[in-house]
Structure formats: structure tokens, C-alpha cells
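Asker: From first to last, the protein sequence lines stand for chains B and Y.
Numbered by the numbering used here, the letters in the first sequence go through residues 12 to 314 in order.
Numbered by the numbering used here, the letters in the second sequence go through residues 12 to 314 in order.
Warning: the hint list may mix true and false statements.
You can't tell identical chains apart in this list, so a pair holds if it fits in one copy or across any two.
Using 25 Å as the maximum straight-line C-alpha spacing, the simulated SDA-like pairs for lysine to any residue come out as follows [what the hints assert, rightly or not]:
{"no.": "1", "residue 1": "Lys223", "residue 2": "Phe295"}
{"no.": "2", "residue 1": "Lys122", "residue 2": "Pro106"}
{"no.": "3", "residue 1": "Lys154", "residue 2": "Thr38"}
{"no.": "4", "residue 1": "Lys185", "residue 2": "Glu126"}
{"no.": "5", "residue 1": "Lys154", "residue 2": "Gly220"}
{"no.": "6", "residue 1": "Lys185", "residue 2": "Gly125"}
{"no.": "7", "residue 1": "Lys185", "residue 2": "Glu46"}
{"no.": "8", "residue 1": "Lys185", "residue 2": "Glu47"}
{"no.": "9", "residue 1": "Lys154", "residue 2": "Arg228"}
{"no.": "10", "residue 1": "Lys185", "residue 2": "Val151"}
{"no.": "11", "residue 1": "Lys185", "residue 2": "Arg49"}
{"no.": "12", "residue 1": "Lys185", "residue 2": "Met123"}
{"no.": "13", "residue 1": "Lys223", "residue 2": "Arg314"}
The hints are simulated quantities; they were obtained by calculation from the structure and are not laboratory data.
Number of protein chains: 2
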Amino acid sequence: MLMHVEPSHSFDLAAYLGSRRARIDATLESLIALEEPRVLFEAMRYSLLAGGKRLRPILCLAACELSGARAEVALPTACAIEMIHTMSLIHDDLPAMDDADCRRGRLASHKMHGEALAILAGDSLLAHSFEVIARHTSGVPAKRILAVIAELGRAAGPRGLAGGQVEDLTHEGKRCVSVETLEDIHHRKTGALLTASVLSGALLGGADGPTKGRLRRYAERLGLAFQIVDDILDVTSTCEALGKSVGRDASAQKATYPRVLGLAESTRLAEALIADAKDELGCFGERAAPLVALAESTIAAIR
Amino acid sequence: MLMHVEPSHSFDLAAYLGSRRARIDATLESLIALEEPRVLFEAMRYSLLAGGKRLRPILCLAACELSGARAEVALPTACAIEMIHTMSLIHDDLPAMDDADCRRGRLASHKMHGEALAILAGDSLLAHSFEVIARHTSGVPAKRILAVIAELGRAAGPRGLAGGQVEDLTHEGKRCVSVETLEDIHHRKTGALLTASVLSGALLGGADGPTKGRLRRYAERLGLAFQIVDDILDVTSTCEALGKSVGRDASAQKATYPRVLGLAESTRLAEALIADAKDELGCFGERAAPLVALAESTIAAIR
Chain B
12 MLMHVEPSHS FDLAAYLGSR RARIDATLES LIALEEPRVL FEAMRYSLLA GGKRLRPILC
72 LAACELSGAR AEVALPTACA IEMIHTMSLI HDDLPAMDDA DCRRGRLASH KMHGEALAIL
132 AGDSLLAHSF EVIARHTSGV PAKRILAVIA ELGRAAGPRG LAGGQVEDLT HEGKRCVSVE
192 TLEDIHHRKT GALLTASVLS GALLGGADGP TKGRLRRYAE RLGLAFQIVD DILDVTSTCE
252 ALGKSVGRDA SAQKATYPRV LGLAESTRLA EALIADAKDE LGCFGERAAP LVALAESTIA
312 AIR
Chain Y
12 MLMHVEPSHS FDLAAYLGSR RARIDATLES LIALEEPRVL FEAMRYSLLA GGKRLRPILC
72 LAACELSGAR AEVALPTACA IEMIHTMSLI HDDLPAMDDA DCRRGRLASH KMHGEALAIL
132 AGDSLLAHSF EVIARHTSGV PAKRILAVIA ELGRAAGPRG LAGGQVEDLT HEGKRCVSVE
192 TLEDIHHRKT GALLTASVLS GALLGGADGP TKGRLRRYAE RLGLAFQIVD DILDVTSTCE
252 ALGKSVGRDA SAQKATYPRV LGLAESTRLA EALIADAKDE LGCFGERAAP LVALAESTIA
312 AIR
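Work out the full structure, taking the sequences as your base and the hints as a guide.
Answerer: In C-alpha cells, the structure reads:
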């Protein structure tokens with residue numbers, strides 16, 4: 012089964028990621044120029060331009076290209092997705108939630124700017140993200156753009172990020188958390204936006220039904236694997252290496268995969284999910300090389 | 012000048028508002044059914060279905076009709092606007108911001124549900140609002156819907172609500188605030204969403220350029236008058252009458268019109284703005300009766 016989906020040995024993931032990141036960072040920078048009130052735009056830029064991996068926007072651009080369009084048409088949406096993701100990081104770090112001090116290798120927003128500005132910078136990024144998609148996407152039928160907005164609105168809202176954070180907080184400190192509950196939390200907290208990133212790219216690229224189905228299943232598996240890896244690294248890594256607070260899951264008695272399944276079984280599950288994700292893309296051959304390589308790189312950190 | 016714009020004596024504003032409110036409330040109720048996580052959907056519904064005046068959605072529907080389309084096409088957008096407005100109320104009331112206990116005659120969201128849920132209920136309403144517009148608007152060209160989303164994203168973001176709240180907090184406790192600063196704060200905090208409500212209705216209704224211009228100027232004047240009246244009522248009214256905390260502006264040394272201009276001059280200014288707002292609609296005759304009557308009702312509370 013796997014023979015179809017091995018990435019070409021000529022595919023240079025590091026170079027690919029570097030050039031995509033540079034493109035996304037430059038566009039993000041231009042989309043949030045410094046205006047009045049300056050403190051607010053500075054707070055938005057502080058968190059947004061802090062050098063994240065840009066995994067979600069890169070997935071969006073790659074899915075758009077795989078579906079047959081130029082990556083450019085998905086660039087505003089890719090940047091909007093990073094704004095939504097950053098909003099959720101800023102709000103999740105607040106004292107009333109995870110109370111984290113460290114994010115992307117810097118002080119968390121509320122530690123740097125105070126709570127009020129952190130909340131409003133998050134709100135601003137969320138509102139601005141939809142404006143960016145609606146105003147800056149060109150070369151695509153308007154109906155497709157509306158479908159993207161509906162998808163991302165859902166992924167950011169109570170059925171996605173916000174709902175996942177509520178469930179996460181609800182299950183903190185509980186002794187028994189089932190694998191089903193854990194999967195539901197992670198599906199909302201990570202899977203929803205990651206899947207929406209891939210699907211948005213597919214929609215903008217004009218993917219047909221079967222392609223959208225394959226990309227959706229790829230993204231769902233990747234999203235869950237990604238969160239399991241994140242849980243594992245919170246146990247095994249350091250703040251310096253990750254650029255965010257670690258060990259908090261255990262101290263807050265968060266529902267995590269290592270806690271419920273153990274480290275070894277969690278690692279095995281992440282590997283299996285990535286193999287399944289790659290399998291979905293077998294039929295696309297070389298066109299899927301970036302997405303296949305991205306899936307593999309997700310679990311490289313725990314190998 | 013004013014002879015063109017007096018509302019018809021046959022126009023029954025109370026009946027009009029009652030039927031519009033019922034329609035909007037029923038749609039809002041259906042747009043946020045109770046799902047998991049239940050506590051989150053309950054928190055969203057608690058603030059959204061607390062019986063607000065629904066001024067912004069009613070303005071949106073009225074502008075759509077004045078522009079020549081059925082109000083129905085603007086109903087999802089009208090409801091989305093109320094979600095955005097409610098989000099800003101929930102977040103503005105948080106301890107890190109205005110720290111208000113009372114809203115729409117009930118405990119503020121953070122007092123009822125705790126800070127984390129209040130923040131996430133606000134985030135959820137904001138994200139959901141854009142999904143609602145993109146998914147539920149029908150009978151309108153997709154390009155117009157994108158223009159509405161761009162307009163509302165701007166009004167909710169750093170150039171609108173969020174930016175206005177930042178400026179408001181920045182100027183708290185300052186001795187000297189100029190009328191220009193005050194106007195800028197109010198333009199963002201109230202004017203931006205109110206103007207976007209009217210403009211969204213105009214866009215969905217297919218208004219031509221001159222009609223959009225007149226409606227925009229009407230809305231800008233109405234929005235400023237509305238905020239001045241709000242400032243005045245904070246000085247002269249009670250929590251029971253308003254359904255929200257009063258006297259907070261003075262105790263927090265907020266920048267307000269009564270503080271900068273005095274009560275008498277503030278009242279005169281509000282009256283003049285409403286007269287100008289009505290003037291803009293003179294050429295539409297009877298079609299503008301609801302918008303004219305709405306403008307008049309805004310200042311009735313301070314007469």
C-alpha cells in the first residue's frame with residue numbers, strides 16, 4: 012500500500028517550508044500594518060509575527076496546489092487561518108484559561124500587554140481574518156470564497172476551537188477521561204482548524220468531490236496525530252525547545268494521550284495515523300509530495 | 012428642509028419594532044440550538060437571547076427594504092450583527108475591561124458563567140456570525156455577501172469595536188479629553204457597527220451608489236447621537252431602567268460627552284445629529300418611514 016505514497020527523494024521539505032514561510036510571513040506583515048490604536052496593532056503583530064511554524068497556512072497552500080490552482084489564490088485565506096490560530100493561542104494562554112507565561116519563545120500576550128489588550132488583540136485577529144478572506148481573495152468564484160468562510164467560521168467557533176477549549180477546561184483534573192472524550196477534545200481543538208485549512212485550500216483550488224474527501228481524511232488523521240505528538244512533547248521536551256510552557260498538562264491534570272494511553276501506545280497511535288494519512292494521498296503521486304512530507308515531519312520530533 | 016422627512020402619522024413604530032424583534036429573536040434562537048459542549052451554547056444563548064432592543068439588526072433589515080429587496084434576504088446578516096454586538100458587550104464587561112456586573116437586566120456573562128466561558132462565548136459568537144452570513148444568506152449574488160462580510164469584519168476588528176474599546180480604556184482617568192478624541196472613540200465603539208449594519212442592509216438590498224451614500228451618512232449621524240444619548244443616560248438613569256450598570260462612566264473617569272461638553276450641550280448636539288440624519292433620507296419619502304422613526308426614537312429617552 013505504501014509504495015505509492017513515499018515522497019520523492021528529490022523533494023526538499025526544508026527548502027519548501029522555508030520559502031513558504033517567508034511568503035506567508037511577508038503577507039501577514041503587510042496585512043497588519045501599524046495603525047491607530049498603535050498598542051492594539053502592536054499586540055496583534057507581537058503574537059502573529061512571532062515566528063510560528065505556519066503549518067496550517069502551508070497546508071492550505073499545498074492543498075490548493077494539489078487541487079490544481081496556483082498557491083497565490085489561497086494566500087489571503089492561508090494568512091487568515093494563521094490569524095485565527097494565533098487568536099486561539101492568545102486566548103487559551105489567558106489567566107482565566109491555561110494561564111501560560113510562555114508562547115512561541117516569548118512572553119505570552121497577556122504577560123506582555125496585559126489581559127485587556129490580549130483579549131482585544133485576539134478578537135481583532137479573529138474579526139480581521141474574515142475581512143482578509145472576503146476582501147483580498149481574487150481569481151476565484153465568490154461562491155467558493157463563501158464556502159471557505161463558512162468552513163473557517165465553523166472551525167473557530169463552538170463546534171471547533173472555542174468548543175474544544177471549553178471541553179479541555181471542563182475535563183481538567185478529572186481522574187477518568189475516556190479515549191473517546193480525548194478524541195473529541197482534540198478533534199475540536201486541533202483537528203477542526205487543521206482540517207478546515209486543508210479543505211479551504213481544496214475549495215479555493217477547485218477540487219472535485221473525491222479529492223476533497225481524500226484531503227479531508229488526510230487532514231483529520233494528521234490533525235489527531237499532530238495533537239498526540241504535542242501531548243507527548245509536553246511530557247518529554249523543554250520550554251526552550253518548544254518555545255512555550257511545558258509540563259503544564261500534567262500539573263493542570265489535563266486530559267492527554269500519554270496520561271490515558273501511556274507514552275508508548277500514544278507514539279504507536281500517532282505513527283499509525285500518519286501512515287493512514289499518507290495512504291489517502293497515494294493516488295496523487297508526485298503532486299502530493301509536499302503534503303506527504305509534511306505528514307512525516309509531524310512525527311519526526313518523537314522518533 | 013424637514014418637511015420631506017417627517018414620518019407618516021400612520022406609521023406605528025411600536026408595532027413595527029415588536030414584529031421585527033419577534034422575527035429576529037426567533038431566528039437567533041434557531042441559529043444557536045443547544046449542542047455540546049452544552050455550557051458553551053448555554054452561555055452564548057444567555058447573553059444573546061436576553062432581550063436586547065435589536066436596534067442594529069432592525070436597522071439592517073430596514074435599510075435592505077429601503078434599497079428595494081425583501082427584508083428576508085438580510086435576516087441572516089441581521090442576526091449575525093446582533094451576535095457581533097453581543098460578543099462586544101460580553102468582552103467589554105470582563106473584569107480586565109469595564110468590570111461590569113449587570114447587562115440587559117441580568118448578571119453579566121462573566122458573573123454568571125465565569126471568565127473563561129465568557130471569553131469563549133464571545134469568541135464563539137464572533138466566529139459563528141460570519142459562518143451564519145456565509146452559509147444562510149440566499150437570493151443575493153455571492154459578491155454582495157462577500158462585501159457584507161468585509162464590512163462587518165472591519166467594524167468588529169481593530170478599526171471598529173476592538174479598537175474603540177482599546178481607546179476607551181486608554182483614555183480612562185485622563186483629565187483632558189478633546190471632543191475629537193471622544194468622537195473617534197465613539198465612531199469606533201458604536202458608529203462602526205451601526206454604520207455597517209445599515210450598509211450591509213443596503214448592500215444586500217442592491218442599493219445604488221447615491222443611496223448607499225445617504226444611508227451611510229444617516230447611520231454615522233445616528234450612531235454618534237446614539238452614543239451621546241447612552242453617555243447622558245449613564246448620568247441620569249438607573250440600572251433598573253437601563254438593564255445595565257450605570258454611573259460607571261463617572262466612577263471610572265471615562266471619556267464621555269457630558270463630561271467634556273456638559274449635559275445641555277450634549278443634548279443639543281444629539282438633537283442636531285438626529286435632524287441631520289433624518290434630512291439625508293428626505294428624498295425617499297414614505298419608504299424611509301421606519302428609519303426616520305427609529306432615529307427619532309433614539310433621542311426620545313433624553314427629551
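Asker: If a hint holds in the structure, say so; if it does not, say that too.
Answerer: Here is what the structure says about each hint:
1. Lys223 - Phe295: within (12 Å within a copy, 49 Å between copies)
2. Lys122 - Pro106: both (9 Å within a copy, 16 Å between copies)
3. Lys154 - Thr38: Intra 24 Å, inter 24 Å, cutoff 25 Å: intra and inter.
4. Lys185 - Glu126: between (28 Å within a copy, 20 Å between copies)
5. Lys154 - Gly220: both (16 Å within a copy, 24 Å between copies)
6. Lys185 - Gly125: between (30 Å within a copy, 19 Å between copies)
7. Lys185 - Glu46: Only across copies: lysine 185 and glutamate 46 sit 22 Å apart there, 45 Å inside one copy, limit 25 Å.
8. Lys185 - Glu47: between (45 Å within a copy, 18 Å between copies)
9. Lys154 - Arg228: within (23 Å within a copy, 31 Å between copies)
10. Lys185 - Val151: Cα proximity of lysine 185 and valine 151: none, with 47 Å in one copy and 49 Å across.
11. Lys185 - Arg49: Cα proximity of lysine 185 and arginine 49: across copies only (18 Å, versus 42 Å in one copy).
12. Lys185 - Met123: Close across copies (23 Å), not inside one copy (31 Å); limit 25 Å.
13. Lys223 - Arg314: For lysine 223 and arginine 314, neither the intra-copy (30 Å) nor the inter-copy (60 Å) Cα distance is at most 25 Å.
Going down the numbered hints, you'll see the structure goes against 10 and 13, while the others check out.
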